[in-house]
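Chain by chain, the residues:
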Amino acid sequence: MRKYIHKFIWLLAVLFCFSVNMHGQEKLIKGTVASTDGEPLPGVSIAIKGTATGTITDVDGNFQLNAESDDVLQFSFIGFNNMEVPVGDQTILNIELEETFVALDEVVAIGYGRAKKSDLTSSITSVKGEDMKTMSVGNPVEALQGKAPGVQIIAGSGHPGASPKVLIRGFTSLNLSTDPLYVVDGVPMGNNLNFLNTNEIESIEVLKDASASAIYGSRASNGVVLISTKRGKDGKTLFSADLSYGFQVFDKPYDMANATEYAQIMNQSLQNAELGERFPDPASLGEGTDWWGEGVNKVSPQRNFSFQASGGSETNRYAVSLNYYDQDSFYNSGNWQKFTARLSSDWDFADWITAGVMLNPRREMWESTPNWYQDYLLIDPVTPIYRPSEEQEGLNEYSIYQRSYYTYVWNPIARDARQFDEGGYYALAANAYAEVTPIKNLDFRTQISGDYKFDHNDDFEPDFVIDGAHEKNELNYAYRSHNFNSYWNWTNTLTYSLDVNEHNVSLMGGATMEKWEGRFINGTKDGIPNNSDPLREIDAATENPEVNGNSWGNSLESYLGRLSYNYLNRYYLTATYRVDGSSKFLANNKWASFPSASVAWRISDESFMDGLDFINDLKIRAGWGRLGNQNLPSSVYTSGIGQDYYVFGPGQGSLVNTTYPSSMKNEDIKWETVEDINLGTDFTLFGSQVNGSVEYYQKKTKDMIFQLPYPNYSGYPNDAQIWSNVGSMKSEGVEMGLNYQNRRGRLKYDVGVTFTTVSVEATDLPEITPVVYGDEERTKTVEGEEPGYFFGYQTNGIFQNQFEINSHASENGALLQAQAQPGDIRFVDVNGDGELNGEDRTKIGSPWPDFTGGLNISLAYDNFDFTANLYASVGNELVNWLREDLYSTQSSDNNVISGLLDEAWHGEGTSNDIPIVSHTDLNQNFARFSDYYVEDGSYMRVKNVQLGYSLPESVLDRIGLTKCRFYVSGQNILTVTNFEGVDPEVAGDNVLNFGFSGWTYPVLPTYLIGANITF
Amino acid sequence: MKKSGKSLTMLSLSLLFGAILFWGCDDDNEKSWDVSSDPALELQAAEIHSEQGRTIRIEGIATDEVGIKKINLNIDDWYLNRDIEISTNDSVVKSYELSYDFLVPEDAANKGHSIQVTVYNMGDRTASEIVEVFMDGDFTNPVLDVKNPVNGLTLAPDSELPVEINAVLGDSRQLGYFVARESSINFYDSVSFMGTGQLNFEYQNIATLPAEVGEYNFEFVLADSAGNVVTSNRVVKASFDFDKLYLADVATDEELNSDLFGVPMLISKTAPYNFEGKYYAEAPGAEVRFVPQTTSFAPHCYGLDPNDPSKLINDPENALPIVLDQKGYYLISVDLENMTYNVESYVPDDWYFEPKIENPDDDAYIETEYVGKLGLVGKGFPDYPDQDWATWASIELERDPENNYRFYKTLDMEGTVEFIFQPEHPWGWWPEPFWRFDRKVDPEKTILKGGENVAMTVAVRTTYKVTFDSHLNRAKVVPVQ
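From first to last, the protein sequence lines stand for chains H and S. Just so we're on the same page, our numbering is the position in the first sequence counted from 1, plus 1. Just so we're on the same page, our numbering is the position in the second sequence counted from 1, plus 704.
Worth flagging that the hints you see were computed from the coordinates, not collected in a lab. Hints are supplied without guarantee of correctness; some may be wrong.
Stated by the list, open to error - Capping the alpha-carbon separation at 20 Å, the derived lysine to aspartate or glutamate pairs in EDC-like fashion look like this: (1) K815(S) / D842(S); (2) K1077(S) / E547(H); (3) K1060(S) / E472(H); (4) K473(H) / E1062(S); (5) K1169(S) / E1148(S); (6) K1060(S) / E547(H); (7) K798(S) / E812(H); (8) K237(H) / E315(H); (9) K1153(S) / D645(H); (10) K1077(S) / D468(H); (11) K1144(S) / D963(S); (12) K1077(S) / E544(H); (13) K1060(S) / D464(H); (14) K1060(S) / D1104(S); (15) K473(H) / E1102(S); (16) K1060(S) / E475(H); (17) K1077(S) / E475(H); (18) K473(H) / D1067(S); (19) K473(H) / D1090(S); (20) K473(H) / E1100(S); (21) K473(H) / D1066(S); (22) K1060(S) / E544(H); (23) K1077(S) / D645(H); (24) K1060(S) / E1073(S); (25) K473(H) / D1065(S); (26) K749(H) / E100(H); (27) K1060(S) / D645(H); (28) K1015(S) / D1029(S); (29) K473(H) / E1071(S).
Can you build the whole structure from these sequences, using the hints too?
Take a look at the structure:
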């Protein structure tokens, strides 16, 4: 408050000063107007307050006009705060305008149209392309992590070409895909954005609630992500280059035993199992083979280059970009490259007609990245890499490797040497549109789009014999596959807008037709004369030819409409309606309709808010809508034939290879439906320094599809099942996005926080299968609980002595774990029935976090800038399967972690966590799925830190550049977590097997240097 | 505003204090009980005679007029110190029937051991009793091994039939008595060993059956001096209609007995006295005869009558084999009532096993379709140390290049030998189809997708040839000379 009083006094003082100089003379005022970054601003409007006199700045930001000393000059420019400057004695005025922090007039993409951000009535998060390109990533979605509330992104794997798992406001389906729909420049482009380079993106809009996404109907239940790519703008041609080069670092994730320690551990393990000692003199084995050091590179390079040109005149605009991304794996094999180009052009033929085209050729190539890095850790360190030289005589180059002496792990360096799987694709996406305004306020837009993709994959497996019993391939073979997929889309919309007496109405109606088609063929043959490169062709092989091929297609026809109305830009109503007719739906349910409605009230414009000056903008909104998920598996609408062997005939009978009906299509099957409500508020506070939104959402899924068994009287075999629309679930949560922007002197800062909670509950499951298990009964879903929770035994430490084992008994003395020995895990008799069995399994964790959040910081000081992005996922558990590989020698001679003999139980009081090391596990320490494997999965990750320096203008002028910025950055350089697995970013194939962590290729630290150049 | 803030703080502190007082007073652990007497404990037995490795049961009744809090069982030598929690402050039990099982350690010393049983009442007053456990119990049944007659022995009742009885008796402490009886022929004999201290005895006798068709049930009972009783029954049939008939393609008793299983080969009974068997002649000139017993060509062996080769004769000495001229499958039927037979060759056309191994590096294929080559999966094969019930290390069978139904493998066996016929799978999965056996010991036929694993003991490492015929559903394991 005191601060405001001071400002008020200063204002009075300034006014007083002006007042004593009120009889000024007209004089020529000159000056320049620039942004706070020093960029000259052309076109800034300068007016003498209270008069019609004024001017605008030229292309270099210069201006001049005549004014009197007591005049006040008003500077205004779109995107910048207005500024008033008294002339006084000054004749030269160099003005710096501050950018408006929150662009309420910013236009964002909505489905089949665009709208002012301030007019939104639904939940849409917009992220600018500039914020995305701060990270160098293979898949642009990775750069979205932590920047959009309500969007949970889980890397799942860090290998080149990996695609992250994206959940928008949790999930709404147990058996169908949970991926959102990606729409690029108005064209649905599947569920993977690998083909896009972050430098191509102008903005990303995430449509989160039904009132925003219902316009996409039967594909929108998991949310919709709209991507707008860059297009040309008026003005001279601007060339720019964004270049980065970096490397990833893969440190050995676990310190494994060397040969001497391995032998000691194995001896102890065998002794604990009352088996004979194997290594009489462990020390004589020395360090042994460092498999990791020999086979895994410590760093792998990553390159990301992008060149762009854009510009145009008032009637013709163009943009061209060429992008290249390249990432190597940590092995001798494994690489991913993608090259994309994007060419767009827009023409204004007349005031009433605009048209444009876009071409997007793409090329990706990869060598498959090996997925067995664990083998470098688990193979015994006693074994050398190669056979003794005398044994290599006469062997081909793939057979000279040594088979593991003690384990069944295949020689990983040998596997790497014979990795020849490679593939890629050529693709071309194109679209063309025309916009016509035949009469005032009526716009007609038609757009035709297509995407054609040709995939290829070649593989060759050489013949080799490393071990005659289990590590061999006696016949080499070649494999080749070709896929061709095509997609086209024709969209027509008609929009009528009317603005009468502060009543703003917009009515849009449209129709779309889409079709997907694909066909594939692949073939393989064995027996190539030798393994030389020229002969790795199918025609060179002589045995076991096999060829497969098929084709498929589906289509969608839709009609859609939207009514947008507001009065005084204060009271808003939006309603949408879409009707989808899908080839995936059978005749009984061919057409599906998806309505939505939302309202908003700009409460800050009401007179009763007049006294609350710190509120710049405050809007509350509510929305409802219905969405669909039509990603039904093909078995839903096809009948299946199974195959099995049965004995028929008299006497002993004969074995007959039979076929039988295994499933029947369901004529009444239909899409899963999600009903969604959303309540939210958007606010801008304290002179636009603070802005954000808080939202509550609730999504209810009904008609979920499940596979149900047939009743016995149907005559179908026991395993025959039918997909049916039964069951429902509910998810709800709160999300918040908060941003604070300000400057202090020359330091400009921007801090953003995102926060999301998701709570999911299965509300209704089929009566015939009221319990749904996943991952071999390791997850369970029941009514009233969150789906897919971890289901297993509870443990209570380690038995320290025989007393504890004997006391772990029923009331009548029946030992709960009769096979246990001191050092084994104690399992809990959860139901207290005096027996330890499957009935004691219970909920032992949940893969779903309590909340996820992000912290995004941007700082700028003179020519330096700094960006940091942090992401956190809190409150979930994960299954760490590696505990078995790292700590157990049960029936295995695989290597284990160094120091295991000390860390594991080896006497009373030595450990209450890691059980005794033994080759036998009669107590099933590791075989029982228990909370022993479940760990806290919370983590916080520094996704990106970047420090940049832009050359000053004086230097730029000399070298003829508009902008030149260099930066260094580190991605994923720090992860704080209690999770002991390889990486806490763990996904899953579906909701029922989420959160199981194994030897996944982790998300790795990446260090980059780069430059952004414009001229 | 400040005032209301202070009031709120005071109110909160008051509520917190009150809550602490409220729940503090209701702390279950602090509840006190007014107890003036000790609990009572009455054991059912103060002495237990047991042995190492045997479960004992401690039984008794504990009572207390207020409530029994817990019972403690303690014997440090046996690592037992167990509290059985019985009552809580909210649920009081005044009478409790103790019944607690405990496994005597294998290494328990041969002496008396004291288990202290202590009852605590709600006032923590106690009553203790001692259970003495002695290691002198006799819980081992005597061993009764009836060598003769073999069960199911079928004798042709041409005249009165002497049945030799031979039984070997044994006990770990002292034999009690032995009884042999067959009531329908009034045969009864008994031997008492009480007081003799005898540990072993061989019983021999002869019972005579009348010369008429019938079925006789012999019962043998052996008891030890501690009253442990075992019985054994033998059925002896006087008949020409055998339950089972076997095809023997070997010539001597030694060959009948040297196999692990499969020789002679069981054939099917189709009607009284009528049997039918499918057989594969591996070479032209194979000779087959039929026997109702498995270990000898005597007392019955059916073959061609030397005087009328169109007829059969039951004569171990003179019966001639049926000679199968060609290599291939034969259907042979015999009628032991009319002593006739019929032999037909045929070519089977039923399904035969085919592996699916076209894409050995395609994970999706391996997961859903891969069925490796048929092999032996089990244990007891010293040349294949990896093979310990591992399908990825399946010991591949050699397929007869001329007969898709026939598989062979010659290999060494030693120790406990178990196996099934199972397709290989690189990930150690268990793809179908597989074949197991009709029983674990001395199996007579294979069972598709069912049955049991064969289990045998091979004392000395020996080379055997395994033959499996998926059409016949028969397997045999014979030593290789």
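(request) Output the numbers, in ascending order, of every earlier hint that fails for this structure. (result) none
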